[in-house]
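With the sequences and hints as input, model every part of the structure.
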Amino acid sequence: MKAEHKLFFAIPFDSATKNLYDCVTAAIKKRYPHVTTVIGKEEVGPSPEYSEIASFKAQNRELSDQFVDQIRDADIVVADLTHNNPNVHVELGLALGQNKNILRVTGRSVSELGFDIRNLEAFQYKDQSQLIEKIARYLDTFLRIKQLEFSTNLAALHAKEPSKIELRAFPPNKEFDTRSNVSPNFRMRDGAVRVEFEILQARHPHDWFGVFIRAGYYPWQDSNLVYIRQDGRLEVVPYPGASILGATAGQPTSGRQTLNIEFENNYLLAEVGQTRLEISTLSSQGFGRVLPAVFGVDADVHAMQLVCRDTIDR
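Residue numbering for the sequence shown follows this note's numbering, starting at 70 and increasing by one per position.
Errors might be hidden in some of the hints.
[Claimed, not checked] Listed next, the in silico DSSO-like pairs over lysine-lysine satisfying Cα-Cα at most 30 Å (straight line): (1) LYS195 - LYS229; (2) LYS87 - LYS98; (3) LYS99 - LYS71; (4) LYS229 - LYS99; (5) LYS71 - LYS203; (6) LYS87 - LYS203; (7) LYS233 - LYS243; (8) LYS215 - LYS203; (9) LYS243 - LYS71; (10) LYS195 - LYS71; (11) LYS243 - LYS229; (12) LYS71 - LYS98; (13) LYS99 - LYS87; (14) LYS98 - LYS233; (15) LYS215 - LYS98; (16) LYS233 - LYS215; (17) LYS87 - LYS195; (18) LYS243 - LYS99; (19) LYS229 - LYS98; (20) LYS203 - LYS75; (21) LYS87 - LYS75.
Bear in mind the hints are in silico, worked out from the structure with no lab data behind them.
Here the structure is a predicted model, which means the values were calculated and not measured.
Below, the structure is given as structure tokens:
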């Protein structure tokens, strides 16, 4: 589990609501020292120093800087729908589009919410203390799920490879191979993977053994790929794509090794022996499979365990 989590509050900016959430965030920070709270900024207005066209462009850039980036980095979004504020609805829509954990709250009757969200679950609070306790209970459940460990007692949240996998991509056979015997229905957005692997032979020091996470349907669109090269370099990339999200040098691979991966929201931690890579720039936020893969090498997967730490439905 990552050390810090971020809680984003989408609220209207009348003085009463702002004062309420200043008290709420203070209480949350005191109770949860490792949770960062962010209150969404006020509505973006026009930029008078620009021409009409430049102002339009600047306004959209500021909208992205203030709302999109903050929500993308958030682990939980609390949307206060008390006043049916348009700004809050925009932020709620962004959060829904990014598969965020969302707690909808209102200080009025749920029946007074907009017709398009009236049927979604929303918590009605009467006062500040009731609101704080609801958020605290939500956080407690969220953090408990994020701390789940590998265990066969977890039933549907745990999976493992039933037998050894032989991945063969050493030329002249082919260059790429991927396979898993875990049910294709076991899909997750957040979780942990532990893979015991062994590279048997490699064509080039830059060829690799790796693991797809959040892998979509073939050809694994909108996935992320974590891999270790024969020369020991550990890297993370979006797949498909040419950009590298993170990389670190390590010792050349030899014999059986264990690749540990933890991923949550836009955060990922990968470790092989003493080599460690930590990033907070994962772009794909979807659900998907976990698939071991090789490029240019023959490798055996001796064991693989998965634990699902999802806190939202598919």
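These are the hints, each one checked on the structure:
1. LYS195 - LYS229: Measuring from Cα to Cα gives roughly 46 Å; hence the hint is violated.
2. LYS87 - LYS98: It holds: about 16 Å lies between the C-alpha atoms, which stays within 30 Å.
3. LYS99 - LYS71: 19 Å, holds
4. LYS229 - LYS99: Violated, at about 39 Å.
5. LYS71 - LYS203: Holds. LYS71 to LYS203 sits at ~23 Å (cutoff 30 Å).
6. LYS87 - LYS203: 18 Å, holds
7. LYS233 - LYS243: 20 Å, holds
8. LYS215 - LYS203: 19 Å, holds
9. LYS243 - LYS71: Status violated; Cα separation ~37 Å.
10. LYS195 - LYS71: Answer violated: LYS195 to LYS71 is near 33 Å, above 30 Å.
11. LYS243 - LYS229: 27 Å, holds
12. LYS71 - LYS98: Given that 30 Å is the threshold and the Cα spacing comes to 17 Å, the pair holds.
13. LYS99 - LYS87: Holds. LYS99 to LYS87 sits at ~18 Å (cutoff 30 Å).
14. LYS98 - LYS233: 46 Å, violated
15. LYS215 - LYS98: 19 Å, holds
16. LYS233 - LYS215: OK: LYS233 and LYS215 at ~28 Å, within 30 Å.
17. LYS87 - LYS195: 16 Å, holds
18. LYS243 - LYS99: 56 Å, violated
19. LYS229 - LYS98: Distance ~38 Å between LYS229 and LYS98 Cα, so the pair is violated.
20. LYS203 - LYS75: 17 Å, holds
21. LYS87 - LYS75: 19 Å, holds
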